[in-house]
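Number of protein chains: 2
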Amino acid sequence: MTIQQVDDLGAVYLAAENDRVRTHTAVLLTVDPAALGGGRLTVQRLRELLRERLDLVPAFRRRLAGVPFGLDRPYWVEGDVDLDYHIREVALPEPGDAELLREQVARIFSRPLDRSRPLWEMYLVQGLTGGRAAVLTKVHHAIADAQAGLQILTALTDAEANPRGRPVPSPDPFAPPPAAASMFLRSLGGVVRQPVRAMTRLPAALSGVDELPVFGSMPGARLIGATTALLARRRRHTPIARAPRTSFNRQISPHRRIGFASVALDDVRAVKRHFAVSVNDVVLAIAAGALRRWLLDHAELPERALTAVVPVSLRDPSSTSVGNQLSAVVVPIPTDVDDPAARLGVAHRAMLSALRDLGTTAPDALTDTIRMVPAPFLVRTVQLLTRLNAWAPLTPAMNVNISNVRGPQQTLYLAGAAVESMVPLAGITDGLGLNLTVMSYRDNLSIGIVADRGQVPDVQRIADWMVAELTLLVSFGAR
Amino acid sequence: MTIQQVDDLGAVYLAAENDRVRTHTAVLLTVDPAALGGGRLTVQRLRELLRERLDLVPAFRRRLAGVPFGLDRPYWVEGDVDLDYHIREVALPEPGDAELLREQVARIFSRPLDRSRPLWEMYLVQGLTGGRAAVLTKVHHAIADAQAGLQILTALTDAEANPRGRPVPSPDPFAPPPAAASMFLRSLGGVVRQPVRAMTRLPAALSGVDELPVFGSMPGARLIGATTALLARRRRHTPIARAPRTSFNRQISPHRRIGFASVALDDVRAVKRHFAVSVNDVVLAIAAGALRRWLLDHAELPERALTAVVPVSLRDPSSTSVGNQLSAVVVPIPTDVDDPAARLGVAHRAMLSALRDLGTTAPDALTDTIRMVPAPFLVRTVQLLTRLNAWAPLTPAMNVNISNVRGPQQTLYLAGAAVESMVPLAGITDGLGLNLTVMSYRDNLSIGIVADRGQVPDVQRIADWMVAELTLLVSFGAR
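Listed in order, the protein sequences are those of chains A and B.
Note that the numbering used here has the first sequence beginning at 40, numbered continuously upward.
Note that the numbering used here has the second sequence beginning at 40, numbered continuously upward.
FYI, nobody ran anything at the bench for these hints, they're computed from the structure.
Ideal Cβ positions, reconstructed from N, Cα and C, are used throughout, including at glycine.
Watch out, some of these pointers could steer you wrong.
[To be verified] So the derived label-pair ranges between C-beta atoms look like this:
#: 1; chain 1: B; residue 1: ASN201; chain 2: A; residue 2: GLU91; range: 50 to 58 Å
#: 2; chain 1: B; residue 1: GLY493; chain 2: A; residue 2: GLY78; range: 55 to 63 Å
#: 3; chain 1: B; residue 1: LEU511; chain 2: A; residue 2: PRO496; range: 55 to 63 Å
#: 4; chain 1: A; residue 1: ARG388; chain 2: B; residue 2: GLY493; range: 56 to 64 Å
#: 5; chain 1: A; residue 1: GLY493; chain 2: B; residue 2: ARG203; range: 33 to 41 Å
#: 6; chain 1: B; residue 1: ASP123; chain 2: A; residue 2: GLU339; range: 21 to 29 Å
#: 7; chain 1: B; residue 1: PHE515; chain 2: A; residue 2: ASP136; range: 53 to 61 Å
#: 8; chain 1: B; residue 1: ASP94; chain 2: A; residue 2: ASN57; range: 33 to 41 Å
#: 9; chain 1: B; residue 1: ALA137; chain 2: A; residue 2: GLY78; range: 23 to 31 Å
#: 10; chain 1: B; residue 1: PRO202; chain 2: A; residue 2: GLY493; range: 31 to 39 Å
#: 11; chain 1: A; residue 1: ALA73; chain 2: B; residue 2: PHE515; range: 52 to 60 Å
#: 12; chain 1: B; residue 1: PRO202; chain 2: A; residue 2: ARG481; range: 36 to 44 Å
[To be verified] If you want the footprint, here are the derived chain A segments under chain B, 3+ residues with CB under 8 Å:
#: 13; region: 125 to 134
#: 14; region: 150 to 164
Hey, can you work out the whole structure from these sequences and the hints?
As structure tokens, then:
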């Protein structure tokens with residue numbers, strides 16, 4: 040039996056949390072329970088399902104064991120799973136419409152996960168219009184990125200309403216928490232070695248830190264990189280990105296709002312074919328169009344284009360390990376272009392250029408850089424970087440997070456109930472108070488938007504405008 | 040215009056909070072909306088009511104303005120009140136029974152209030168059986184004790200379903216937040232003076248600290264008092280209380296469970312007359328009986344009686360100021376007595392003795408002691424005391440909090456809906472993970488119990504057993 044240390048990006052996600060910033064993600068399923076006994080999905084049935092399949096989802100059994108005084112990264116250990124705690128039932132007031140669902144989901148999404156338990160929660164939301172129920176699953180980014188989240192979803196759902204049963208692998212228990220003393224000693228070794236490594240490597244590494252895709256997307260990295268480069272008079276490979284500061288690029292509150300919408304994948308594919316671009320280009324273009332409308336509406340459209348951070352998975356498609364294998368590119372999105380078709384062309388070329396740059400970065404540079412920060416300083420470093428990102432005198436490196444996740448193509452069944460839609464939701468942070476995630480499911484592309492409650496009170500309009508922007512692009516193709 | 044500093048006990052309540060301990064209270068109203076338009080109480084109507092009456096409830100408009108670096112007590116300033124944030128609507132899943140209500144209320148009660156906003160929240164809970172709705176109002180102890188909470192309730196309700204309107208006093212706005220610099224300077228004066236005062240008075244004051252009723256009920260005070268007295272070889276007036284350590288006298292988690300029940304006031308009065316005791320004695324006796332059953336059931340009944348901390352209001356009945364005017368007595372409750380009638384007699388004599396001791400304590404000693412702690416050390420001091428209280432090697436000073444609040448005698452109407460019941464809920468802390476509060480309303484006495492989720496999973500049984508214990512005492516009187 041081995042204990043498992045939190046992976047590098049997971050440690051950063053944990054360190055980035057405070058009383059306002061949370062780094063969990065969520066997926067909101069709408070299910071039709073008509074075919075179930077009593078026409079109802081019960082919380083007992085959901086708990087039963089999880090009890091049956093918990094051995095398929097190791098990430099749901101892990102809890103954090105900290106090292107005394109934070110001298111080393113925390114470890115994952117096998118945790119007790121109190122399903123009565125993790126799986127909860129709530130209901131919407133009448134009429135149970137989408138607005139009430141968004142309000143309820145925003146409140147649940149705003150709240151932190153309990154770090155003394157496995158880092159997930161599942162809410163069965165009763166009382167949606169049309170006899171529907173919703174199931175909201177919150178998962179900490181430290182236990183699963185988007186791809187790993189999809190693997191968890193696959194383990195908990197079936198391809199048919201009444202499956203014959205599924206293969207159940209033998210459980211793979213984690214080690215019990217190592218005695219505090221032994222963890223303490225193990226981490227001391229790291230502390231002794233790491234400052235030496237850090238001192239020899241720090242100046243060179245930090246001056247290039249914002250050229251590394253994910254680290255560059257980490258708040259404040261741009262500032263540190265630029266300052267250190269200046270001090271070291273080191274030549275930089277890439278120009279420093281400059282993004283305008285908008286309402287959603289300030290310090291965030293603990294509270295969120297969410298918006299969601301759905302478009303037909305066929306419409307997206309028609310636009311993609313007509314303009315010879317990728318699905319991701321279409322997503323960036325309609326996001327830029329919707330943000331342009333929002334910024335115009337709030338009389339704060341900057342002359343320069345906004346800059347988006349777009350996660351790119353480094354995960355081997357055949358990988359079944361759960362955790363974070365993620366990079367990201369920082370790309371301008373054409374909020375400064377008025378014509379929808381021209382906007383799509385600009386988005387396409389910007390993304391091509393960003394992906395070309397990514398190819399020239401050594402894949403290990405990111406993890407090397409994160410490993411270089413001695414554990415006792417990781418939390419403070421990440422918190423400092425996070426705060427710097429919202430500091431008004433600085434030019435932010437990016438404005439908005441836009442992710443695109445490929446979801447299941449076939450209908451899934453949760454505890455026998457058909458899953459009708461699937462909305463992805465991801466976290467926001469200081470200086471980056473708006474997150475747009477799209478995910479495909481069956482014949483649709485779902486749009487899930489998370490924003491700070493005060494910064495974007497009308498976040499649903501951004502979702503609706505993305506739909507309107509796609510309709511415009513479709514009409515170009517139909518001409 | 041003046042700004043107002045947080046009062047002494049309020050500062051302690053704020054300092055005692057951490058990621059597990061919250062010091063808010065709540066009241067849960069059940070209302071019958073049958074007489075309203077549409078037979079329904081809407082969240083819009085509740086928000087409208089609060090908008091109309093916010094000028095009657097200054098405590099609901101105050102938010103905290105901290106002094107930089109925590110160098111002085113925080114101040115209250117006039118805060119924006121975003122009623123869409125503070126007043127929320129949720130619903131129970133079917134069948135909307137008492138168990139589902141308790142689960143929903145426990146989750147809401149577990150969560151902290153947002154310190155950047157006025158320290159209250161109101162939840163309209165739809166979907167109770169019988170067409171009823173519930174209204175849960177959470178209020179931080181720093182803005183109101185139980186009596187002040189009742190004044191707030193009075194301001195928000197009416198004595199009839201359709202009142203002609205109520206006198207509306209002119210608003211009394213607070214000052215805007217003082218500039219950080221001026222607050223900083225003001226607190227520096229205190230820092231300079233206070234250590235001198237503290238150094239001259241500390242040894243004498245600390246050795247008697249656990250003899251002061253409320254401070255003695257503060258976690259850890261007993262230890263500090265005893266240690267300092269030993270060092271100072273000072274003679275003590277009172278013997279040190281010794282309470283057994285039970286399951287609910289350990290470190291608490293962030294999660295709560297609640298239980299509630301109701302008994303007829305006529306039954307309580309019949310027992311009171313028959314045994315010539317007070318209503319409060321009856322409450323202590325049935326609480327002791329219920330706790331005895333619970334401890335027997337969990338095979339952990341200690342030989343010695345448990346010790347309860349019982350708040351006593353120091354508030355002048357004519358006072359209309361909102362804030363904390365509270366003391367408390369620490370009293371043994373007869374969990375070691377098997378016979379219900381004998382138990383009532385023992386409880387009666389113990390309470391008489393405790394109240395006699397309270398009369399001999401100078402009323403200003405408590406506030407003097409709290410004022411003596413320099414502000415920069417207040418949070419750390421209170422947090423240390425709180426943790427010490429749950430430290431296993433120590434003998435706890437008390438086991439359970441039992442409060443008795445006199446509520447309204449007449450039927451109240453909230454936004455036109457008759458209030459049918461009123462359950463009080465109060466906070467728990469490390470080492471003191473069980474709180475029993477009773478409140479009278481109309482012809483009933485409501486029992487509200489708050490416990491740590493893991494320590495007392497079956498908390499509702501304690502409420503049910505209190506009802507059973509009263510029935511037993513009534514049967515003695517009827518013989």
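Hints, one by one, checked against the model:
1. At roughly 55 Å, the beta carbons of ASN201 of chain B and GLU91 of chain A sit within the given window of 50 to 58 Å.
2. The hinted window of 55 to 63 Å between GLY493 of chain B and GLY78 of chain A is violated, with their beta carbons roughly 35 Å apart.
3. Between LEU511 of chain B and PRO496 of chain A the beta carbon distance is about 57 Å. The supplied range of 55 to 63 Å therefore holds.
4. Distance hint check: the CB atoms of ARG388 of chain A and GLY493 of chain B are about 57 Å apart, consistent with the given range 56 to 64 Å.
5. A hinted range of 33 to 41 Å holds for the C-beta pair GLY493 of chain A and ARG203 of chain B, which are about 38 Å apart.
6. At roughly 23 Å, the beta carbons of ASP123 of chain B and GLU339 of chain A sit within the given window of 21 to 29 Å.
7. The hint said 53 to 61 Å for the Cβ distance between PHE515 of chain B and ASP136 of chain A, and at roughly 56 Å that hint holds.
8. In this structure the hint that ASP94 of chain B and ASN57 of chain A lie 33 to 41 Å apart at CB holds, the actual value being about 35 Å.
9. Between ALA137 of chain B and GLY78 of chain A, the C-beta spacing of about 25 Å keeps the proposed range 23 to 31 Å intact.
10. Range check, PRO202 of chain B to GLY493 of chain A: about 35 Å between beta-carbon atoms, so the 31 to 39 Å window is met.
11. Separation of ALA73 of chain A from PHE515 of chain B is about 57 Å and conforms to the stated range, judged on CB atoms against 52 to 60 Å.
12. Checked against the hint of 36 to 44 Å, the C-beta distance between PRO202 of chain B and ARG481 of chain A comes to roughly 55 Å, which is inconsistent with it.
13. A stretch counts as covered by a chain when three or more of its residues have a beta carbon under 8 Å from one of that chain; for the region 125 to 134 of chain A and chain B the count is 7, and the coverage holds.
14. Under the rule that three or more residues need a Cβ within less than 8 Å of chain B, the assignment of the region 150 to 164 of chain A holds, with 4 such residues.
The structure shown violates the earlier hints numbered 2, 12.
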